[in-house]
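Trainee: Going by my numbering, the residue at position 212 of the sequence shown is 225; the numbering climbs one at a time, nothing skipped.
Calculated from the structure, these hints are not laboratory results. Each hint should be verified, as a subset may be incorrect.
Unchecked claim - FRET-style restraints, in silico, Cβ to Cβ:
| hint | residue 1 | residue 2 | range |
| --- | --- | --- | --- |
| 1 | Gln244 | Ile154 | 56 to 66 Å |
| 2 | Gly227 | Ile254 | 47 to 57 Å |
| 3 | Glu144 | Gly103 | 19 to 29 Å |
| 4 | Ile261 | Glu225 | 24 to 34 Å |
| 5 | Ile256 | Thr184 | 26 to 36 Å |
| 6 | Leu192 | Gln164 | 50 to 60 Å |
| 7 | Asp266 | Leu239 | 44 to 54 Å |
| 8 | Gln164 | Ile255 | 50 to 60 Å |
| 9 | Arg142 | Glu228 | 28 to 38 Å |
| 10 | Gly227 | Gly260 | 44 to 54 Å |
No residue lacks a Cβ here, since even glycine has one placed at the ideal position from N, Cα and C.
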Amino acid sequence: MKLQFPWDRRGNFDEHSSCWVRVMQGWAGAQYGTMIPRIGDEVLVKFLQGDPDQPIVTGRTYHSTTEPPYLLPKHKTRTTIKSKTHKGNGFNELRFEDEQGQEEIFLHAEKDLNHIVKHDETTQVGNNRTEQVTRDETLYIANNRTETVTQDEDLTINRDQTNYIGRNRITKIEKDDILNINNNRYINVHGDTIIHVGNELNIDIAQNGSREAGEVFEQICETFDLEGYEQVELSGPGGSIIINREGITLVGDVYIEGELCQEGGEADMVSVLQIAANEGQKKLDNRNASLL
């Protein structure tokens with residue numbers, strides 16, 4: 014570095030004020046351990062063996078115009094390494110607070126902070142941790158990741174979320190699973206879907222509902238209860254069965270294999286129905302049963 018000595022009345026506080034002067038360091042070697050004074054700092058100079066042509070800077074001092082970064086003796090328990098932005102008002106700082114009950118390590122980066130660990134890293138927090146990112150965050154993990162939360166976890170996303178899983182996903186829930194969607198939901202499965210319910214399955218549709226199978230739709234149970242508040246209609250290519258408040262209407266030819274039994278009603282009409290069904294004839298209108 015170059016100096017301006019206080020007794021030098023010819024110097025102009027520029028690069029011509031002195032020769033190059035070496036600076037004593039607490040740690041110096043081949044391209045490591047550098048911490049040079051800044052322009053305007055007051056330094057202590059010694060001369061090797063008293064030779065005025067061999068000055069060396071041995072230290073730095075504060076004075077009335079270059080005061081310590083923190084007021085003394087108020088902050089006497091603080092130890093800091095603090096630098097000033099060149100041609101600016103910012104700073105970088107590594108600070109230690111040793112006041113009992115207020116111990117702290119403070120790290121301030123005026124702009125970027127780069128953290129490089131070539132092997133393992135371990136972080137242990139004995140109490141709470143708060144992290145705030147005002148813009149984007151990117152996390153890349155080249156291998157596996159394990160995360161454990163022993164109590165609750167809350168996740169809030171104010172806009173969209175996209176998840177991509179290259180292979181399988183397994184989700185295990187010990188108690189309830191509640192999903193609330195305020196708009197539409199779409200599920201697209203290219204293969205099979207298997208749903209196993211250990212107890213009851215209830216589906217409540219406020220408006221319309223439909224199920225469509227490209228080939229066979231099979232439903233097997235001990236008792237099948239199909240109920241419509243106004244009307245139930247079973248339709249096929251050859252006819253339909255309509256059940257409403259008026260009664261039961263069969264549309265199409267009826268073929269009966271087996272005995273036709275009657276409980277109550279008009280016996281004559283049942284006989285006519287049996288003869289007509291066996292002979293493939295059509296009979297019209299009856300309150301209890303009709304062939305159209």
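Trainee: Confirm or reject each hint.
Mentor: Structure-based check of each hint:
A beta carbon spacing of about 59 Å between Gln244 and Ile154 agrees with the range 56 to 66 Å that was offered as a hint. In this structure the hint that Gly227 and Ile254 lie 47 to 57 Å apart at CB is violated, the actual value being about 24 Å. A beta carbon spacing of about 23 Å between Glu144 and Gly103 agrees with the range 19 to 29 Å that was offered as a hint. Distance hint for Ile261 and Glu225: a CB-CB separation of about 26 Å, consistent with the stated range 24 to 34 Å.
Taking 26 to 36 Å as the suggested C-beta distance range, the pair Ile256 and Thr184 does not conform, at roughly 43 Å. Between Leu192 and Gln164 the beta carbons are some 22 Å apart, a value that contradicts the proposed interval 50 to 60 Å. Checked against the hint of 44 to 54 Å, the C-beta distance between Asp266 and Leu239 comes to roughly 23 Å, which is inconsistent with it. At about 58 Å, the beta-carbon gap between Gln164 and Ile255 stays in the expected band of 50 to 60 Å.
About 56 Å separates the C-beta atoms of Arg142 and Glu228, a value inconsistent with the hinted range of 28 to 38 Å. Between Gly227 and Gly260 the beta carbons are some 34 Å apart, a value that contradicts the proposed interval 44 to 54 Å.
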